[in-house]
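A.B. asks: Turn these sequences into a full structure, and let the hints guide you.
Line by line, the protein sequences give chains E and G.
Position one of the first sequence corresponds to residue 1286 (the working numbering), numbered consecutively onward.
Position one of the second sequence corresponds to residue 1059 (the working numbering), numbered consecutively onward.
Read the hints as simulated data drawn from the structure, not as lab findings.
Just so we're clear, the structure is a prediction, and the values are computed from it rather than from any experiment.
The beta carbon of each residue, even a glycine, is placed where N, CA and C say it ideally should be.
Be aware that one or more of the hints could be misleading.
[As the list claims (entries may be wrong)] Partial list, derived from the structure: chain G residues whose beta carbon lies under 10 Å from chain E: (1) LYS1061; (2) GLY1079; (3) GLN1081; (4) GLN1082; (5) ARG1099; (6) HIS1209; (7) ARG1217; (8) GLY1331; (9) GLY1332; (10) SER1336; (11) PHE1377; (12) SER1414; (13) ASP1475.
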Amino acid sequence: MKNAFLKSLLSVCFLSIFFVYNEQPVAAFSPQVIQHGATGEDVVELQARLQYLGFYNSQIDGVFGWGTYWALRNFQYEFGMEIDGLAGQEVKDKLVSASNYDKAFIRENIEAGRKFTYYGGMSKENQVKQGSGSSNQQPNNGDGQSGGTVQPTNEDEAIEPTASNVPNGFSQNDIQLMAQAVYGEARGEPYEGQVAVAAVILNRIQNSIFPDSVSGVIYEPLAFTAVADGQIYLEPDETARRAVLDAINGWDPSGEAIYYFNPDTATSTWIWSRPQIKRIGKHVFCM
Amino acid sequence: MIKWIAIAILSIGLAGTAYWGFQQSNQRETLLIQNENNYQRAFHDLTYHLDLLYGKIGTTLALNTNEQLSPQMLEIWQLTSRAQTDVNQLPLVLLPFSKTEGFLSEIGDFTYDVAVRNLDDEPLSQEETEKLNGLYEAADEIRQELRTIQHEVMGKQLRWVDVELALTDMDPESENFIVDGFTTIEDSASNFTETHFQNLSATLPQQHERFSFLTGSDVSEVEAIDIIRKQFDLNEDLAIDLQKSGEGAQLQTYSGSFTHDDHHGYVEISEKGGHILSYMINRDFQEAAISLNDAQKKAEQLLEEQGLDQFIIMQASQFEQVGLFQFVGNQDDIWIYPDKIMVKVALDTGEIVGFSAADFYRNHRDRELSQPELSLEEAEEKVNQSLTIEDYHLAIVEDNEGNEVLTYAFFGTLNHDTYRIFIDANTGYEVVVELLQDVENNWGNRLTD
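C.D. replies: Structure below.
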């Protein structure tokens, strides 16, 4: 009985703390532990607060990369905390009490695609580069997601990062080009068949008898039928993109193949003479 | 009668002409595509080579020893000439393209000069280092413009053959992004400080080891199916399509695939020992509901369940709705880079949707690790003094010849960049210098000054 009473008292206390905490007008972090590799609004806030305190000197972009990692570790060092590069509750509390976070200012500049900084003790106007944003001179900047057009967004919507994580050595554009090739070559194949085609492109880059870049391998004359007949210029779907990412990150269902062919349509006797590794869907992969 | 004959002849003629016309248009289409492909390749190669060039110059700034500097300069020089070849293949002769070409020839001259002289007698001067810094910034600027145009070209399916037409017509009314974009490269004089690059070699699969350290006895097809059912908790009545690899395979494996609900699974098991080399689960992912940090705990838990202890997290990254985790071996606080394991976790449910231990099984063996001959301080002295060292650990890595060496891995920063420098822990030789870049701007909304 006494126990139950204590429990309910405790939970009331807990709830009231929770409510009081929630009522604070200051926008603060979500409960997650923020770590290297994370993306999203929490990272935007983390970077902004670290910059406010002078620890972070790069662009506030919402992606927790190396720059953010060192900034956070130096912050932990200066404030006498355990140096682990993780933003847990203690770190977040310390950050919130030591710095300001002007969410509206950050949101406006991120959404306008401007270069800006957010150091404490400096006037904010001086930290936004002049003549920037929507009136930039970039020509014909018409695609839908472009930062050139400022559209005020709803307060409740999360601030979107302006950058992305990329696997080492690959640009998002390389990934797009590979996805186009995979889509042109292997759409309709099982997922592992699409990863395998992407892996063959990568294996060729590694192989000394083939060109050493994504574009070099893909556009090698007559290497891929989707290139020869123009199907590479189709817009790839999400599955093809995902398959490419998996292949770049080390999945290789092809068994390190450098060739593949469709046994129903292949006319070259040479390709049949290659040592075969396995068949996935319509394609036979070989060395 | 004659009328009918005439009609017959004429219609045959007409059909013939139509056929000929059809053939012609087909041929023309094929040629156009071929032409377009050549232009696309040259352009994509150009953007890639400039990225590479930019990364190489950046790495050079972090180098310390002269032994590495000369080959590095030669590589830059070689890349410059490749980029020049790419430019020359594009239909840009009619455009003023002086800035990029000027940049390429400047960097070419500079690196050739440095590469051929004796750096022991005549090391890089302060002025030359500054010049290199300037070239680094210029490379970044041009590279960013090219990547932005590349994004547009792919996003809008723009064709270079149309540029060619636009350039020959020189119609002032016609809007053409590619033409405009290249004009911007010439015009823009601003400096960009953000940098995104890392050279290719470090992450691609090594192909020289052939799983020679794999242990265990061969498993049969029935056993392989059993392993799969156990791993994924599959019902007896769910069909598993199992295939054995052919004669061309480096390692004999079983590949199993299965589909239940909206999940499609693919697993690879080694015949020798029945080890799960890798698997992938493909399904539609919903919006992320758990944090990357929680996802990492799921990944660590999986390794533990598989009996793969002694691993340490090397890198975590969120790619939209999935978290990707790279682990490496950890033996007596020495990081074993070749023993790599990847785990992919769906951030909507926390389910493991990918696992790859192929590199681990390829490289793992019992290693006798000895203590480093150099002290931490001695090794640190071998690192370029302009770097601020933030962190370090002892690591086993493969050198250029593929041999495993014990090194000190230093993480250092210079301006906005992070470098990883491996110093041989016995000889003090600078094994590899890497520029670490795991974040890239979204080119569709590139930041403006």
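A.B. asks: Confirm or reject each hint.
C.D. replies: Each hint, compared with the structure:
{"no.": "1", "hint": "LYS1061", "result": "45 Å, violated"}
{"no.": "2", "hint": "GLY1079", "result": "20 Å, violated"}
{"no.": "3", "hint": "GLN1081", "result": "16 Å, violated"}
{"no.": "4", "hint": "GLN1082", "result": "18 Å, violated"}
{"no.": "5", "hint": "ARG1099", "result": "3 Å, holds"}
{"no.": "6", "hint": "HIS1209", "result": "6 Å, holds"}
{"no.": "7", "hint": "ARG1217", "result": "8 Å, holds"}
{"no.": "8", "hint": "GLY1331", "result": "17 Å, violated"}
{"no.": "9", "hint": "GLY1332", "result": "17 Å, violated"}
{"no.": "10", "hint": "SER1336", "result": "6 Å, holds"}
{"no.": "11", "hint": "PHE1377", "result": "6 Å, holds"}
{"no.": "12", "hint": "SER1414", "result": "5 Å, holds"}
{"no.": "13", "hint": "ASP1475", "result": "8 Å, holds"}
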